[in-house]
Each structure stands twice: as C-alpha cells, then as structure tokens.
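S.K.: Below, each chain spelled out in residue letters.
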Amino acid sequence: MKQFTPWLMLTLVLTTALHLIGIWYLPNYMTEQTVEGIFKRRGNRQVNQIRYGELRSAGTDTVVRDNPDTVTSFAVYDVSEKPIRVQCVIPDKDNYWSLSLFAWNTDNFFVVNDRTAKSKEFELVIVKEGSKYQKHRQEEIVVSPTNKGILIIRMIVTNREDKEELSQLTEVQKQTTMQLIESVQY
Amino acid sequence: MKLFLKTMSCVVLAALLAFVSGWLLLNRPSEGVTNGVWTTDPTTGSSRAGLYHRARVAKIGIWALDSSEVVYFSAAKDSDGNPLRHDGTYKITGNDPDTRWWSVTAYNDDHFIPNPLNRYSYSKTTVEREADGSWVIMLSPKKQEKNWLPSGDQQGALVVSLRNYNPSRTMIDSPGKVELPKLVKERNQ
Chain Y
202 MKQFTPWLML
212 TLVLTTALHL
222 IGIWYLPNYM
232 TEQTVEGIFK
242 RRGNRQVNQI
252 RYGELRSAGT
262 DTVVRDNPDT
272 VTSFAVYDVS
282 EKPIRVQCVI
292 PDKDNYWSLS
302 LFAWNTDNFF
312 VVNDRTAKSK
322 EFELVIVKEG
332 SKYQKHRQEE
342 IVVSPTNKGI
352 LIIRMIVTNR
362 EDKEELSQLT
372 EVQKQTTMQL
382 IESVQY
Chain U
7 MKLFLKTMSC
17 VVLAALLAFV
27 SGWLLLNRPS
37 EGVTNGVWTT
47 DPTTGSSRAG
57 LYHRARVAKI
67 GIWALDSSEV
77 VYFSAAKDSD
87 GNPLRHDGTY
97 KITGNDPDTR
107 WWSVTAYNDD
117 HFIPNPLNRY
127 SYSKTTVERE
137 ADGSWVIMLS
147 PKKQEKNWLP
157 SGDQQGALVV
167 SLRNYNPSRT
177 MIDSPGKVEL
187 PKLVKERNQ
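As they're listed, the protein sequences go chains Y and U.
First residue of the first sequence: 202, per my numbering; consecutive thereafter.
First residue of the second sequence: 7, per my numbering; consecutive thereafter.
Everything labelled a hint here was simulated from the structure, so no lab data went into it.
Every residue gets a Cβ at the ideal spot worked out from N, C-alpha and C, and that includes glycine.
Some hints could be false.
Here are the simulated lysine to any residue pairs, SDA-like style, with alpha carbons at most 20 Å apart [what the hints assert, rightly or not]:
id	chain 1	residue 1	chain 2	residue 2
1	U	Lys-12	Y	Gln-204
2	U	Lys-65	Y	His-220
3	U	Lys-83	U	Gly-94
4	Y	Lys-203	U	Leu-9
5	Y	Lys-321	U	Lys-65
Pairwise CB distance ranges (calculated) [said to hold, decoys possible]:
id	chain 1	residue 1	chain 2	residue 2	range
6	Y	Tyr-226	U	Asp-115	16 to 26 Å
7	U	Asp-159	Y	Tyr-226	52 to 62 Å
8	U	Glu-37	Y	Gln-250	13 to 23 Å
9	Y	Val-385	U	Leu-19	29 to 39 Å
10	Y	Val-214	U	Glu-37	41 to 51 Å
11	U	Pro-147	Y	Val-385	17 to 27 Å
12	U	Met-7	Y	Val-385	17 to 27 Å
13	Y	Glu-324	U	Ser-174	24 to 34 Å
14	Y	Gln-335	U	Asp-104	21 to 31 Å
15	U	Ser-174	Y	Lys-294	44 to 54 Å
16	U	Tyr-58	Y	Arg-252	30 to 40 Å
17	U	Gln-150	Y	Gln-335	25 to 35 Å
18	Y	Pro-207	U	Asp-86	47 to 57 Å
19	Y	Gln-234	U	Ser-140	37 to 47 Å
Taking beta-carbon pairs under 10 Å as the criterion, some of the chain U residues facing chain Y (in silico) [as the list claims (entries may be wrong)]:
id	residue
20	Phe-25
21	Arg-175
22	Gly-182
23	Val-184
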C-alpha cells in the first residue's frame, strides 16, 4: 500500500489543479465559443466594430438564455494598442436602454442605462489598465480589466409584434458608433 | 519506462477526475437565494461571483448584467418541487414585480422554444391582465385562451426565466423576500 501513496498524492494534487484551472478558464472559453458563433452567423470577424442585431427567434438565438424582447448591438473590443471611443445615442422613449461592458471572463464591470446616463447623447472612452489617456470634453473614461472585452447595448422592445416601434428603435440603434482613437499612443 | 507509464496514468486519471468533478459541480443547482420556485444569485454577472458561479453563469446565461441593473430569477421546478415537463400545463400567476420592466421567458435547453406564434415570452408590456391588474400566463404545449406561452414538445430541460430590469432596492438587497409569481401545475391533466 505504501508504494502507492506517492502516486495517489500526485493524482490528487493533479486532479485539484486541473479541476480549478478548468473551472477558472471555462468563462473565457465560453466567451470565445459564443463570439465565434456570433461571428460565424454574421459572417464578419472584425473586432472594434459594432454589429447592429435584430430581434432573435428560435434557431437564431446564438447566445444561451437570450432575451427575445431586446434589440441588441454587440462588439468585441480590443484596447491593447489604442483606446476606443463609443458615441452613444439613447432612444427618445422610455424603453429600457443600457450599454454594458464585460471582461473576457464574463464579469460585467460597467453599465450605464437610459436613466443613469447624463444625457441622450454621450461619449465613452474604453482604455486598458495603466493607460494615461487624457479625458477630453464631456467624455467618460472606463478602464477595461482585460485588453479584449465585450460591449453590449440592449434596448427593450415593449412589444416585438409592433413593427413601428421596432423600426424606430433600430433607426436609433445605428446611430451609436465606435472607433479606435488613432491619434493616441499609449 | 515504467516510471513514465505510471506518471502518465496519474495524469490521465487526474484529468478524468477533474472533468467529472467539474461537470458535477457545474450542473448542481445554484446555491443562491430561493423565493418560492424561483432561484437567483445576487453575485450574478459581477466580479464578486465565486469561481463556480461565474462558470455556471457563463454556461447558462453568458453576459448577464450585475444585479444592480437586472435581477434574474429562474425556475426549473413547479410549486410541488417536480421538474417542469414539456407535456405539462402550468399556471404562472402574479402581480407586477417591484421593477421597471419584467418578462417571463421559457427555454428548452437554454434556447427559445420553436412555436408557430414565435411567442417566447410575456412581459409587463405584453401580458393580458385581469380586471384587478394581476395576470395569468399559461405555460403549455397546447394552445390556451389567454397569455399562452408555448412549452413545445421537445426533449430537454424546460426552464422559465423571470427578468427584472431596473429592480427596486428591496429586490436587489432581499431577492428572497419580494413577492414573485406562483408557478403551479394544472391538476386536471
């Protein structure tokens, strides 16, 4: 029995280590898999570009437990080289609207909604940790804990059968844009 | 050679045990807060979430918002504690939760349930109400008179999600104490 003890210990240590690494890594893996699914469905793999999504139905809901009552804009951002400016436009209705940012491990580290935003139009600059980016004008600076992350804009549609409401919201949706700030060096 | 084979056996066994233990822990029901048939976890979406809860949410509800923004409840069992079944009819009854906007959505294996109406949810703004403002949503595979939420005829895990956008402070702080809808199986089946 004694001769097996070191091997048993090795197996236990390895099991614990692999288990914890696997659980820790899973959210990053799920992000990669979900992003890949979205890229594949939309035929565009560009980062730092907003994709203006439509209402999803059975068969087009790539994301697990998706909300069928939201029009969603989505982007994968990468601030490793340069910061990103997001120019946001909030619909002039009382529908819930939010812009949220997620680290690559799925943590929601920033959210602003139509009631907490200072105005219906505002600018957000996403920078990496340690950035010395200087704030301009009224823009808000958000530090991303990971160089790559996810940006999601959700707009509640009060009735998905209402084509007019949908058309108004998608019109405003496309007014939100994002671009790398090329003139800035980290 | 013998040493190498023994080491490799340990590595393979450890990988297998790590996978099985991870799978079992992630498929275990959440240890969050319970309120009737509903469960939630106040750390969902946030950096306060533990290792296992973060992994679980990534698997079944990736990119969930922090509970200060949205409180997500889910129900996989009826009021008798039995798992929801696709062939059962369930009554979800209640009043508006204390939140800006809410919705009740049904999922099969975490995806929308195909149905001829393309109806996947009812919400504060789409539900047909009773005279007193309360509402009844019928989760069923068969067409219902009012507020029919199709549960389909698939094989798979049936789950109902209750989303609360811009929840009240009470719902954020005490999700286990707020009034939530009841989910009861119809007896005449």
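S.K.: A separate judgement is required for each hint: does it hold in the structure or not?
M.R.: Quick rundown of the hints versus the structure:
A threshold of 20 Å between alpha carbons decides the hint, and for Lys-12 of chain U with Gln-204 of chain Y the separation of about 12 Å falls inside it, so the pair holds. Between Lys-65 of chain U and His-220 of chain Y the alpha-carbon distance is near 16 Å, which keeps this suggested pair within the 20 Å criterion. For the proposed pair Lys-83 of chain U and Gly-94 of chain U, the alpha carbon gap of about 12 Å is at most 20 Å, so the pair holds. Only pairs whose Cα atoms come within 20 Å are accepted, and Lys-203 of chain Y paired with Leu-9 of chain U is accepted, the gap being roughly 16 Å.
Taken as a hint, the Lys-321 of chain Y and Lys-65 of chain U pair is broken in the structure, with Cα atoms around 34 Å apart against an allowance of 20 Å. Look at Tyr-226 of chain Y against Asp-115 of chain U: about 23 Å separates their beta carbons, and that is inside 16 to 26 Å. For the pair Asp-159 of chain U and Tyr-226 of chain Y, the beta carbons lie near 37 Å from each other, so the given range of 52 to 62 Å is not met. At roughly 39 Å, the beta-carbon separation of Glu-37 of chain U and Gln-250 of chain Y lies outside the given 13 to 23 Å, and the hint is violated.
Distance hint check for Val-385 of chain Y and Leu-19 of chain U: the Cβ-Cβ separation is about 52 Å, which falls outside the suggested range of 29 to 39 Å. The hinted range of 41 to 51 Å is not satisfied by Val-214 of chain Y and Glu-37 of chain U, whose Cβ atoms lie roughly 26 Å apart. For the pair Pro-147 of chain U and Val-385 of chain Y, the supplied restraint of 17 to 27 Å is violated, since their beta-carbon distance comes to about 57 Å. In this structure the hint that Met-7 of chain U and Val-385 of chain Y lie 17 to 27 Å apart at CB is violated, the actual value being about 58 Å.
Distance hint check for Glu-324 of chain Y and Ser-174 of chain U: the Cβ-Cβ separation is about 31 Å, which falls inside the suggested range of 24 to 34 Å. In this structure the supplied range 21 to 31 Å is violated for Gln-335 of chain Y paired with Asp-104 of chain U, their Cβ-Cβ distance being about 43 Å. In this structure the hint that Ser-174 of chain U and Lys-294 of chain Y lie 44 to 54 Å apart at CB is violated, the actual value being about 22 Å. Distance hint for Tyr-58 of chain U and Arg-252 of chain Y: a CB-CB separation of about 31 Å, consistent with the stated range 30 to 40 Å.
Distance hint for Gln-150 of chain U and Gln-335 of chain Y: a CB-CB separation of about 60 Å, inconsistent with the stated range 25 to 35 Å. Our hint of 47 to 57 Å for Pro-207 of chain Y and Asp-86 of chain U holds, since their Cβ atoms are close to 51 Å apart. Distance hint check: the CB atoms of Gln-234 of chain Y and Ser-140 of chain U are about 41 Å apart, consistent with the given range 37 to 47 Å. This hint holds: Phe-25 of chain U has a C-beta 7 Å from the nearest C-beta of chain Y, less than the 10 Å allowed.
The restraint placing Arg-175 of chain U at the interface with chain Y is violated, with a minimum CB-CB distance near 14 Å, outside the 10 Å limit. Using the Cβ-Cβ criterion of 10 Å, the hint placing Gly-182 of chain U at the interface with chain Y is not satisfied: the shortest such distance is roughly 21 Å. Hint on Val-184 of chain U is violated. Least Cβ distance to chain Y is approximately 19 Å, over the 10 Å limit.
Hint violations for this structure: numbers 5, 7, 8, 9, 10, 11, 12, 14, 15, 17, 21, 22 and 23, all remaining hints satisfied.
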